[in-house]
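**Q** Sequence:
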Amino acid sequence: LDITDRRRAENINQALFNISNAVNTTLNLKDLFVSIHNSLGNIMDVNNFFIALVDIKEHTLHFPYHVDTVDDDFSSITDFNMEDSLTGLVVSQRSPVLMKKNQLEKRASQNGVRGVLPMIWMGAPLIIKDEVIGVVAAQSYLDPNLYTEQDLQILSMVSDQIAIAIDHKRTQDALMKSEEKYRYLFENAPSGIFEIDLEKFRFIHVNEFMCKNTGYSEKEFLSMNPLDLLTEDSKNLYIGRLEKLSAGEMVSGNVEYNIIKKDGQQLNVFLNNDFIYKNGKLIGARAVAHDITERKKAEEEKIKAQKISAEHEKMALVGQIAGKIAHDFNNMLTIIMGNIDLALMDCKDVAIEKTLELIYKETMRGKHLTKNLVAFARDQEPRQEFFRINEKIDLVINLLKKDLEGIELIREYKTGVPELLADPGMIENALINLIQNAIHATSKIEQPRITIKTDCLDDKICFEIEDNGCGIPKEQLKNIFIPSFTLKGDKDATGSYKTGIKGVGYGLSNVKKYIEQNNGNIFIQSVFGSGTKFTISLPVKELGGS
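Start counting at 1 in the sequence shown, then tack on 105, and there's your number in my numbering.
Hints listed in this document are in silico derivations from the structure and should not be mistaken for laboratory results. A portion of the hints provided could be inaccurate.
Claimed, not checked - BS3-like, lysine-lysine: derived pairs with alpha carbons at most 27 Å apart:
| hint | residue 1 | residue 2 |
| --- | --- | --- |
| 1 | 135 | 234 |
| 2 | 549 | 593 |
| 3 | 507 | 549 |
| 4 | 506 | 618 |
| 5 | 506 | 638 |
| 6 | 383 | 349 |
| 7 | 305 | 386 |
| 8 | 565 | 497 |
| 9 | 646 | 558 |
| 10 | 282 | 234 |
| 11 | 497 | 409 |
| 12 | 579 | 603 |
| 13 | 317 | 402 |
| 14 | 638 | 583 |
| 15 | 340 | 401 |
| 16 | 340 | 383 |
| 17 | 401 | 317 |
| 18 | 466 | 453 |
| 19 | 579 | 638 |
| 20 | 317 | 367 |
| 21 | 234 | 401 |
| 22 | 618 | 607 |
| 23 | 618 | 593 |
| 24 | 135 | 162 |
| 25 | 638 | 549 |
| 26 | 407 | 135 |
| 27 | 519 | 507 |
| 28 | 519 | 638 |
| 29 | 305 | 340 |
| 30 | 366 | 401 |
| 31 | 603 | 507 |
| 32 | 340 | 402 |
| 33 | 349 | 305 |
| 34 | 386 | 349 |
| 35 | 646 | 409 |
| 36 | 305 | 317 |
Please take these sequences and the hints and turn them into a complete structure.
**A** Structure representation (C-alpha cells):
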C-alpha cells in the first residue's frame, strides 16, 4: 500500500474501533448515533446522512438520527412499503446499494423515491442475527460523483459494526429501563429471565425470550438442572459461587457464563442475579440473562483492528529508522564517489575506466535512493491517534535495550496520565533520538544514568529525559536544533564522546519539528560536564477538538 492507502486503512480501522468503543462510552442511543456520525465523518463525506430503524413485521420506519442540508422531512412512516423508497430498496435487497444520478431519476419516475431527489445516494443494511433492523445512508445534492464503489464497500463494512453497536445499546437501554421500572418484568423483557430453586436444582420459571434464544421449550427448561445448560468452565464457576454463598460469603450479583443451546452452539450471557433467602438460608435465585455474544464478537473485531494499527505503527517506525540509517549510508557513498573520482583522474585503462564510471553511476543512484528515504522519513504528515505515553516510552526502551546495556535506567511514570492524541510514529522517533543522544552523552561516564519521567500538568502531558553525561557547552545550546549541527564525531572538540560515535545533525532538528507538528513544545537544560535534561510538553486533546 502507498502512504495514502495505508492512512485510509488506518482511518477505517480507527472508525471501526471508535464505533465499537462508543457502545461503552455513550449514555444513550442518541449519543451513540452522534458518535457514529462523527466517526464516519473521518473517512467519508457524510454531510447528508441518516440512520433509519425498521420493523418489518409492524411495517414501520423511523429516523432516530438524521443530518440533511436540503430535506427536513424525516417523519416516521407507519405504513412502510419497501417499493416506494431508497431505504426500502436496501431493506428488500438486504445488501448495499449505490445509485447515481441517472438511476435515481429513473427510479423517481417510477415513484420509487421519497423526499428531495439527490444526485447520488448510497445505503447499507443494518443486520443482526440475520434480521434487517435498519439502514445507514449518505447522499449528496450537489456532487453526482461524490461516492464510489469503494466508499460503498467501506459503508457496508462499517454498517456491521454499527448494527452491533445499535443492537447492544438498544438492548442495554431496554434492560436498564426494565430494571429501573419493572425489575422483574417477565414475559416482555428483551432478555432471558428465569428463576431457580437452589434446593431442588431446578428451573421454576423461564420466559419466552430465554426459550427462543436457547432453543429449549419451557417444558424442557422446567425439567433441567441448571448445570445441564453450562459449559465445563461455567459449571465450575457456578459451583464455586454457590459454595461461597452457602458459606456466608458475598459474591457479585453480576456474572458471565457460557451456555449451550439445544443445537450445540454456545451463547455468551451476562447475568444480573438476585439471590433469594429464607430464614437466612439460600433457597433460590432470579436472573436476567443478557445475550452478549455479538458484543464479544465486536470486542474481538476491535482487538483485530488494534493489531492492524500496531502493524502500521511498526511500518512507520521502520521508515523512521531507515531514514536514520540512510544518513550514515549516504556519507559512505560520498566517500566511495570521492575515491572513484580520484581513480578516474589517474586511470589509463579504458576497460577499467568504464567499470569505474559504472560504479560511480550506481553509487549516484544509491545517493538518490537514500535521499528519498530520508525525505520520506522526515516529511510524513501527522496523524491523530490516541496512545499512552508511558507505553510508548517502554516500547522505545525495548528497541534500544542493547544500547542501554550498562546504563542505570530510572523510570518515574506518573499514574493516571491521559491518553495522548498525536502522531505515534513521530513521537516514537522523537523518543528514539532523545534516548539515543542520552546514551551517547554518557559514553565516557563511569556510572552512566538516564532518568525518564512522565507527568500531567494542567492541560499538558509532559515527559523528561535526563542524563548525567557530558552536557552541552553553554555557547552551543542555541545551535542544537539547527539542521546539520552536531557536536559528535569530528565536531567533538571537547572529547566528550567515545570514538566511533558520530552524528549527522538531523536528530534534534527532527525531534523539534515532530513535537511542534503535534502542537507541543521542547525545552532543554544542560550544564557542560554534568548532564542534560530535555522536557517535552504536548496538549491534552480530544479527537476532532482542542
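**Q** The structure should be examined with respect to each hint, and the outcome stated for every one.
**A** Okay, the hints, checked on the actual structure:
Among the hinted pairs, residue 135 with residue 234 is consistent with the structure: their alpha-carbon atoms are about 23 Å apart, no more than 27 Å. Simply put, residue 549 and residue 593 have alpha-carbon atoms about 13 Å apart, close enough for the 27 Å limit, and the pair holds. With a C-alpha separation of about 17 Å, the suggested pairing of residue 507 with residue 549 holds against the 27 Å cut-off. With a CA separation close to 26 Å, the supplied pair residue 506 and residue 618 stays within the 27 Å bound.
Proposed proximity of residue 506 and residue 638 is supported: the alpha carbons are some 20 Å apart, at most 27 Å. The suggested pairing of residue 383 with residue 349 holds, with an alpha-carbon distance near 17 Å, which does not exceed 27 Å. Distance hint between residue 305 and residue 386 is fulfilled; the C-alpha atoms sit about 14 Å from each other, no more than 27 Å. At most 27 Å may separate the alpha-carbon atoms for a hinted pair to count; residue 565 and residue 497 meet this at roughly 17 Å.
Only pairs whose Cα atoms come within 27 Å are accepted, and residue 646 paired with residue 558 is accepted, the gap being roughly 21 Å. Simply put, residue 282 and residue 234 have alpha-carbon atoms about 23 Å apart, close enough for the 27 Å limit, and the pair holds. Between residue 497 and residue 409, the direct Cα distance comes to roughly 20 Å. Compliance with the 27 Å bound is thereby established for this hinted pair. For the given pair, residue 579 sits about 21 Å from residue 603 by alpha-carbon distance, which is consistent with the 27 Å threshold.
Taking the CA atoms of residue 317 and residue 402, the gap is near 21 Å; set against the 27 Å cutoff, the hint holds. With a C-alpha separation of about 15 Å, the suggested pair residue 638 and residue 583 falls inside the 27 Å cut-off, and the hint holds. Restraint check for residue 340 and residue 401: the C-alpha separation of about 20 Å stays at or below 27 Å, so the hint holds. Among the hinted pairs, residue 340 with residue 383 is consistent with the structure: their alpha-carbon atoms are about 25 Å apart, no more than 27 Å.
For a cut-off of 27 Å, the pair hint linking residue 401 to residue 317 stands: about 20 Å separates their Cα positions. Between residue 466 and residue 453 the CA atoms are separated by roughly 19 Å; this keeps the pair inside 27 Å, and the hint holds. Distance check on the hinted pair: residue 579 and residue 638 sit about 14 Å apart at the alpha-carbon level, within 27 Å; holds. Between the alpha carbons of residue 317 and residue 367 the distance comes to roughly 10 Å, so the proposed pair stays at or under 27 Å and holds.
As the CA atoms of residue 234 and residue 401 are separated by approximately 14 Å, the hinted pair is consistent with the 27 Å bound. Between residue 618 and residue 607 the alpha-carbon distance is near 21 Å, which keeps this suggested pair within the 27 Å criterion. Taken as a hint, the residue 618 and residue 593 pair is honoured in the structure, with Cα atoms around 21 Å apart against an allowance of 27 Å. Between residue 135 and residue 162 the CA atoms are separated by roughly 24 Å; this keeps the pair inside 27 Å, and the hint holds.
Distance hint between residue 638 and residue 549 is fulfilled; the C-alpha atoms sit about 18 Å from each other, no more than 27 Å. With a C-alpha separation of about 22 Å, the suggested pair residue 407 and residue 135 falls inside the 27 Å cut-off, and the hint holds. Proposed proximity of residue 519 and residue 507 is supported: the alpha carbons are some 26 Å apart, at most 27 Å. Proposed proximity of residue 519 and residue 638 is supported: the alpha carbons are some 18 Å apart, at most 27 Å.
Under the criterion of a C-alpha separation no larger than 27 Å, the hint pairing residue 305 with residue 340 is consistent with the structure, at around 17 Å. Under the criterion of a C-alpha separation no larger than 27 Å, the hint pairing residue 366 with residue 401 is consistent with the structure, at around 17 Å. With a CA separation close to 17 Å, the supplied pair residue 603 and residue 507 stays within the 27 Å bound. Restraint check: the Cα-Cα separation between residue 340 and residue 402 comes to about 23 Å, which is no more than 27 Å; the hinted pair holds.
Restraint check for residue 349 and residue 305: the C-alpha separation of about 18 Å stays at or below 27 Å, so the hint holds. This hinted pair checks out: residue 386 and residue 349 have alpha carbons roughly 13 Å apart, not beyond 27 Å. Between residue 646 and residue 409, the direct Cα distance comes to roughly 25 Å. Compliance with the 27 Å bound is thereby established for this hinted pair. Note on residue 305 and residue 317: the hinted pairing holds, with a Cα-Cα distance of about 25 Å set against a maximum of 27 Å.
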